[in-house]
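Student: Keeping the supplied structure of chain A fixed, place chain B upon it in accordance with the hints.
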Amino acid sequence: MRYRHGSLRGAGLVLALLLVGTACGPSSGGDAASSEGAGSSTTPGQAKKGGTIVFATAADWPGMDPQLASSGVAMVVQNHVFEGLVTRDRTIDTDSAPIKPALATSWTVSPDGRVYTFKLRQGVTFHDGTPFNAAAVEFNFRRWRDPTFKFYSEVAAGNTASLMQLVESTRVVDDATFELTMKTPSAGLIDRLTGTSFYYIVSPAAVEKYGNDGFAQHGVGTGPFKVAQFVRGQRTRLVRNEKYWGKPTNLDEVVFRPIPDAGARVAAVVAGEVDIAMEIPPDSIATIESSGSAKVTKLGKPATFTIMPNMREAPFNNPLVREAVSMAIDRKAIVDNLFSGAASEGTQLFGKGNPGFDPSLGVQSKYDPKRAKELLAQAGYPNGFTTKMPCSPAGTGIPATDQVMEAIQSDLAKVGIKVQLDMTEWNAYITRWLKGIPQGQGIGAWCMAIGTDDAFILSMYTHSKNSPPVGWATGWYSDPKVDKLLDAADAAPNYDGYIKLYRDAQKVMLEDLGYIFVLHDTGPYAVSNRVKGWVPARSWLQDVSRAWVEG
Amino acid sequence: MRRYALGRILMVVPVVLGATLAVFVLTQLAPGDPTATLLGPNASDAARESLRRSLGLHDPLYVQYFHYLGHLLRGDLGRSIEMRAPVLTVVGDRFGSTLVLGVTAGVVAIVGGVALGMLSAVRQGTVTDRATTVVSLFLMSMPAYWLSIVLIYVFAVQFRWFPTGQMHSVTGGPTLSDLVWHLVLPATAAAVAPLTIIARVTRSALLEVASADFLLALRARGVPERRVLRHTVKNALPSIVTMCGLQFGYLLLGSALFVEIVFNWPGIGLQTYNAVASRDFPMIAGIVVVSSVVFTLINLAVDLLTAALDPRVRV
Chain A
1 MRYRHGSLRG
11 AGLVLALLLV
21 GTACGPSSGG
31 DAASSEGAGS
41 STTPGQAKKG
51 GTIVFATAAD
61 WPGMDPQLAS
71 SGVAMVVQNH
81 VFEGLVTRDR
91 TIDTDSAPIK
101 PALATSWTVS
111 PDGRVYTFKL
121 RQGVTFHDGT
131 PFNAAAVEFN
141 FRRWRDPTFK
151 FYSEVAAGNT
161 ASLMQLVEST
171 RVVDDATFEL
181 TMKTPSAGLI
191 DRLTGTSFYY
201 IVSPAAVEKY
211 GNDGFAQHGV
221 GTGPFKVAQF
231 VRGQRTRLVR
241 NEKYWGKPTN
251 LDEVVFRPIP
261 DAGARVAAVV
271 AGEVDIAMEI
281 PPDSIATIES
291 SGSAKVTKLG
301 KPATFTIMPN
311 MREAPFNNPL
321 VREAVSMAID
331 RKAIVDNLFS
341 GAASEGTQLF
351 GKGNPGFDPS
361 LGVQSKYDPK
371 RAKELLAQAG
381 YPNGFTTKMP
391 CSPAGTGIPA
401 TDQVMEAIQS
411 DLAKVGIKVQ
421 LDMTEWNAYI
431 TRWLKGIPQG
441 QGIGAWCMAI
451 GTDDAFILSM
461 YTHSKNSPPV
471 GWATGWYSDP
481 KVDKLLDAAD
491 AAPNYDGYIK
501 LYRDAQKVML
511 EDLGYIFVLH
521 DTGPYAVSNR
531 VKGWVPARSW
541 LQDVSRAWVE
551 G
Chain B
1 MRRYALGRIL
11 MVVPVVLGAT
21 LAVFVLTQLA
31 PGDPTATLLG
41 PNASDAARES
51 LRRSLGLHDP
61 LYVQYFHYLG
71 HLLRGDLGRS
81 IEMRAPVLTV
91 VGDRFGSTLV
101 LGVTAGVVAI
111 VGGVALGMLS
121 AVRQGTVTDR
131 ATTVVSLFLM
141 SMPAYWLSIV
151 LIYVFAVQFR
161 WFPTGQMHSV
171 TGGPTLSDLV
181 WHLVLPATAA
191 AVAPLTIIAR
201 VTRSALLEVA
211 SADFLLALRA
221 RGVPERRVLR
231 HTVKNALPSI
241 VTMCGLQFGY
251 LLLGSALFVE
261 IVFNWPGIGL
271 QTYNAVASRD
281 FPMIAGIVVV
291 SSVVFTLINL
301 AVDLLTAALD
311 PRVRV
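Just so you know, the sequences run in chain order A and B. The opening residue of the first sequence carries number 1 in our numbering; numbering runs sequentially from there. The opening residue of the second sequence carries number 1 in our numbering; numbering runs sequentially from there.
Just chain A, with the same shape it has in the complex:
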């Protein structure tokens, strides 16, 4: 599961088709910009000061409280206003953003891996002028984990629960030092803290002033931009924070505009009204590129569309059947035909940009329907079988989920597996999904898009302690070998060791095909030619603070 992106696709598709029509027409002169590598926008040049970037998002966000963020879109916006103790450098063009100190300048871990001591950056002030210090960090931790605290937030606590339940205590050592004691060795702490906006530090004074709910209307952090205006559903105007502790941004302003309708978003790019737009529908890429004013990047994003087999019941509890299904899916055809190349064939659970992503892995199973049939016969299903696969047409965040599922349905039919697709609305689906595949109902598999910026996501899907109702292993995946590796990862001496063990665990998991990875989203962004010094991070979060504009 990933953060939700709402979208209204029907109307968008029509507009996209119309736009494609013009792309071939005489009005589409000018050189079609190439999207390959998108290197041109990172060519070093003289950064210019001033200017505004208008950034179109695929959905609305309810407010400017990063700890309550309900979607990936909200995080994209909030990442410019808030910072955590530690972060990943999402301003540079890399497939694996490095860990970077933010509000903490350094940290040490006790030999038993339980006590983290953070040295905090000095002289930092929140946008409201109040100082950032260890007491402010403590305030934020209480907001996440202390139900007796006046500013405890149920939603923030829910978002951070999987980490906070591992916290034993927190301590303000002095103004510049904060100590965090975990119940068990937690080598993954830094991974977790840098993966989402849930752990970003908000201004205690502002929370006290506006209240837990009111804070979201103002959004006071320490980041390179501060909120100048938040108009829900219309725009959020961020202006340069002149007192930023780091290098101040070149931009005067960034304006975020939600344009939920995909077609309208594409139209706004082509009309030059927005400089950056996210979630570009694959069928609009050609249109945007032929407009000559913007190009589309397809760099990758940690989001993997996955079939989650029912590991408790026949026929999917048989590894031969799972392998047959994996071999029967023509991943390349799906990627080429439905995504116009704006996706790549599924290789693993982690998507590009996730620290656990292993670039050495190839496609999970080679397309081989003949061999798939043999495997089915070997498993005792020479004539195939009938099964149900519930899914949701929109909400997973992968474009055209319903079409992907239909392609899979027809691929599987070719080897004798008759799939009944059971498409339900997202909220209803996710409620069902969280409970795990029920027994005795003939449900063979779920669909889901897996992905976040932290490697911990693997544990949420594979560790047996994360079976429903606690975690997301809702196909009842469980393997003691994987459990052992993941537990060892927590006790690893450092972050790199932790990531390595997560990759090892993934290798084990790939062998038994407990998950069938169909494709990785490449997260297409439209970027205007006037935007320089920026390419999208392979991430759910974005950071345009190092960009500048020309023309």
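Some hints could be false.
[Unchecked claim] Taking CB as the label site, the calculated pair distances span:
hint: 1; chain 1: A; residue 1: Pro468; chain 2: B; residue 2: Leu26; range: 27 to 35 Å
hint: 2; chain 1: B; residue 1: Asp178; chain 2: A; residue 2: Ala47; range: 27 to 35 Å
hint: 3; chain 1: B; residue 1: Leu304; chain 2: A; residue 2: Pro468; range: 57 to 65 Å
hint: 4; chain 1: B; residue 1: Asp45; chain 2: A; residue 2: Thr181; range: 24 to 32 Å
[To be verified] To give a feel for the contact side, a few chain B residues facing chain A, derived at Cβ under 8 Å:
hint: 5; residue: Leu6
hint: 6; residue: Gly7
hint: 7; residue: Arg8
[Stated by the list, open to error] To list a few chain B residues with every Cβ distance to chain A over 12 Å, as calculated:
hint: 8; residue: Pro14
hint: 9; residue: Leu51
hint: 10; residue: Arg74
hint: 11; residue: Asp93
hint: 12; residue: Met118
hint: 13; residue: Phe138
hint: 14; residue: Arg160
Because the hints were derived from the structure by calculation, they are not lab data. All C-beta atoms in this analysis are idealised placements derived from N, C-alpha and C, irrespective of residue type, glycine included.
Tutor: Relative to chain A, chain B alone:
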């Protein structure tokens, strides 16, 4: 007249009450758990439980309903689960934007529709009449969201005369000219269908009256044609007014919904879409209640107006 008006006003109460009940029941019947959307799947059962308690989702349904009704009477529509703000504030705010769009489109539809209908009626059977009929039928069958897309494509993307969406420019203050510039395309998209319907009704109402015996009698008495026309219009007015009112209500709360989503107009339609997507029960309920009150009041106004115009209705 007074008795009729009073009776008609009293009828509003059960209608609105029925709407609140229907809304309540429907949101309860919908599958899905709001705490799943709000807290995400990471949350512990305890956190879910505590949120359910604090949102009052545990009370028996009728208790929840009466609580809701009680607050409603005090002007309290509850707090939006997702936006963490009073529903009434949000709805009131959004309703302003919808009114701007709806009233503009309504005026265009009514003025244009009546004018077109009269023209058609006066020139009955001519090329003008037939052309109007054909074009009206074509435009009437065009869904508002589709028309919105075509308008964006032609006037925003190709000619770049108007913006592709939103109510104000991203930068700069909200000036009137900026608003009008943003208003042209969505108002056109929302106005077209009701305009054609009003035109059709106006035409047939006028033609129906035109063949009435009393006009023959007037003409026989040598009444000038100008005055005959006035009598015609006056007699056709009740059905035209009824249709205009009905169309205005639909326009404000129906077609505007799709137009708002495509144009990203920050009105009640876009808010409805967001609220449904995030399963924000109080917001959905608030919007439907406010909308049904507004719709009922528009109908009430139309009925009273018709009664004032046509004494036969009052009986």
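Student: Hint by hint, say whether it matches the structure.
Tutor: Comparing the hints with the structure gives:
Checked against the hint of 27 to 35 Å, the C-beta distance between Pro468 (chain A) and Leu26 (chain B) comes to roughly 29 Å, which is consistent with it. Range check, Asp178 (chain B) to Ala47 (chain A): about 31 Å between beta-carbon atoms, so the 27 to 35 Å window is met. At roughly 58 Å, the beta-carbon separation of Leu304 (chain B) and Pro468 (chain A) lies within the given 57 to 65 Å, and the hint holds. Between Asp45 (chain B) and Thr181 (chain A) the beta carbons are some 25 Å apart, a value that agrees with the proposed interval 24 to 32 Å.
The restraint placing Leu6 (chain B) at the interface with chain A is violated, with a minimum CB-CB distance near 41 Å, outside the 8 Å limit. Here the hint on Gly7 (chain B) is broken, as its CB sits about 41 Å from the closest CB of chain A, past 8 Å. Evaluation of the Arg8 (chain B) hint against chain A yields a violated restraint, the C-beta minimum of about 37 Å exceeding 8 Å. Every CB of chain A lies more than 12 Å from the CB of Pro14 (chain B), the least distance being 32 Å, so the non-interface label holds.
Under the 12 Å C-beta cut-off, the non-interface status given to Leu51 (chain B) relative to chain A is violated; the minimum distance is some 5 Å. The beta carbon of Arg74 (chain B) sits about 20 Å from the closest Cβ of chain A, which is more than 12 Å, so the claim that it is off the interface holds. The beta carbon of Asp93 (chain B) is not kept farther than 12 Å from every beta carbon of chain A, the shortest such distance being approximately 9 Å. No beta-carbon of chain A comes within 12 Å of the beta-carbon of Met118 (chain B); the shortest separation is about 35 Å.
Every CB of chain A is more than 12 Å from the CB of Phe138 (chain B) (nearest about 18 Å), matching its label as outside the interface. Non-interface call for Arg160 (chain B) relative to chain A: violated, since the shortest CB-CB distance, roughly 6 Å, does not exceed 12 Å.
Consistency note: the structure conflicts with the earlier hints numbered 5, 6, 7, 9, 11, 14.
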